[in-house]
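Q: Protein chains in written order, with the numbering used here: chain A, 27 to 61; chain B, 10 to 102; chain C, -3 to 367.
In short, the hints are calculated from the structure, not lab data.
Treat the hints loosely; a few may be bogus.
As the list claims (entries may be wrong) - The list that follows gives simulated cross-link-like pairs (lysine to any residue, SDA-like), each with its CA atoms no further than 20 Å apart:
1. C/156 / C/169
2. B/95 / A/52
3. B/29 / C/54
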Amino acid sequence: MTPETLTSEDATDEIEEVEDLLVEEVSIDGLCGVY
Amino acid sequence: MSQAIVDAFDASQYWQLSEKVSLRDEEFGALAYHHVNRRLIFLKSRELVDVVRRLGDFESADDAVNSLVAPDQHDRYVTALAALEKSALIRGR
Amino acid sequence: MGAESSLRSRFERGLAAPICLTWELTYACNLACTHCLSSSGRRDPRELTTAEAKSLIDEIAAMQIFYVNVGGGEPMIRRDFFELIEHAVSRHVGVKFSTNGTRIDKESAKRLAGIDYLDVQISIDGADAATSDRIRGVGSYDAARRAMENLRDANFGRFKISVVMTKESVEQLDDFEALATSYGAELRLTRFRPSGRGVEVWNELHPTLEQNRGLYRWLLERPNVLTGDSFFHLSALGSPLEGLNLCGAGRVVCLIDPVGDVYACPFVIHDEFLAGNVRDAGFAQVWTNSELFRSLREPGNPGACASCGSYDACRGGCMAAKFFTGLEMSDPDPECVFGHGEAALAAKHVSIRPISSPDHSRRIPVTLASR
Chain A
27 MTPETLTSED ATDEIEEVED LLVEEVSIDG LCGVY
Chain B
10 MSQAIVDAFD ASQYWQLSEK VSLRDEEFGA LAYHHVNRRL IFLKSRELVD
60 VVRRLGDFES ADDAVNSLVA PDQHDRYVTA LAALEKSALI RGR
Chain C
-3 MGAESSLRSR FERGLAAPIC LTWELTYACN LACTHCLSSS GRRDPRELTT
47 AEAKSLIDEI AAMQIFYVNV GGGEPMIRRD FFELIEHAVS RHVGVKFSTN
97 GTRIDKESAK RLAGIDYLDV QISIDGADAA TSDRIRGVGS YDAARRAMEN
147 LRDANFGRFK ISVVMTKESV EQLDDFEALA TSYGAELRLT RFRPSGRGVE
197 VWNELHPTLE QNRGLYRWLL ERPNVLTGDS FFHLSALGSP LEGLNLCGAG
247 RVVCLIDPVG DVYACPFVIH DEFLAGNVRD AGFAQVWTNS ELFRSLREPG
297 NPGACASCGS YDACRGGCMA AKFFTGLEMS DPDPECVFGH GEAALAAKHV
347 SIRPISSPDH SRRIPVTLAS R
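Please work from the sequences and hints to get the whole structure.
A: Put into structure tokens, the structure is as follows:
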């Protein structure tokens, strides 16, 4: 997968989902396949 | 990743993994689950997992990163720690 | 979506251990809900003993599975219920349990309120007794409401109200929202699947396509309503709903049943999806080595959905929904939002369909005496 190039337009107030970031939050309230 | 979040994180302070977090190794790094806020976070490198596990053994986050990670990666790792602090996975004393 | 989808594909390939799993403690139940996914009612004499259950909890803790979703049957019927959940939390395994509420009296509510890392989810199937009791039996709605009152009086904190979306309950969404708000509770809506006894009432009770569209729109406007990721098949309608939007069965979650059998998920209690038994050599062995789970972790084949532009959003839908309506895994989901599933069902003239087994149903009517 080609890494994305981060440009100034990509900066937002949110945590960016770019290849460079070493952490990523997963939004879960439960996973499909559990109660 | 907002610059404001990175700026708000003081890497010269002492930080440690919160005891409310379960950290589990995976092939790609680790999964961290915070039992109180229910957040699930994916740590994408083994080095970062090492830094997080050993963070509390150092005087400061800067010390931990400087000791465990190559210098050209310093900012990237401090940025990651700032994100973890925002989700309450790491805390001060 | 770049990084999120690479995370999704990592999850689809499976993890070292489940993120969480469902653990049905008992097939015994004091209700007889018409759609019960586990065909519960009668206790199975081969149920795990207290010692075996605690040993399983120890293994779950050692594997660092983050939490267990406890259910059944009615889990609070087990005499060692509190002993088991307290053992779990003492080992840093979070517990979320699902209950009909009949056993949450004032004393139990207080005890639950005192346990850390515990979530409670009370099941109802309608926003009023008439609607809910049609599925769950006379007196069941009132019992659930009493449980909610007791939790509130005991200062339990935020509990969850869980509703399966049927043709009837889907018309009461605003009422459920109001009910949850009135208790400061979280609302959880989940998909009705033709699993367990559900297969007997699925045709008559599953929401229509139009209702599913309405539900999707309602959910999109309310990201705080929980869904347990069960509506990912609706994500083909537009923006994805909150959550991972993927089938976790055998990859990030699974089911352990009351006799220690391990299934891909609680909606596929059937030999076809049986991965092993914890009594053979523990749970870790089954998770890591079972044939079934290894094959589920292989990249999926879109099958009939290959030509549909929305496959990436819905991944062909739910295995359980397909299996128990007699469709193949390569067919579209029976509730495919573009109607491809309905077409597949019609084309197949399905007459013989799999049924869940084992079946622990009690086949006599149940009346719940009000207290």
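Q: If a hint holds in the structure, say so; if it doesn't, say that too.
A: Status of each hint after checking the structure:
1. C/156 / C/169: The given pair, whose Cα atoms are some 15 Å apart, holds under the 20 Å limit.
2. B/95 / A/52: Since the Cα atoms of residue 95 of chain B and residue 52 of chain A sit roughly 14 Å apart, the hinted pair holds (cutoff 20 Å).
3. B/29 / C/54: Judged against 20 Å, a Cα distance of about 19 Å means the pair holds.
Violation of the numbered hints given earlier is absent; every hint is satisfied by the structure.
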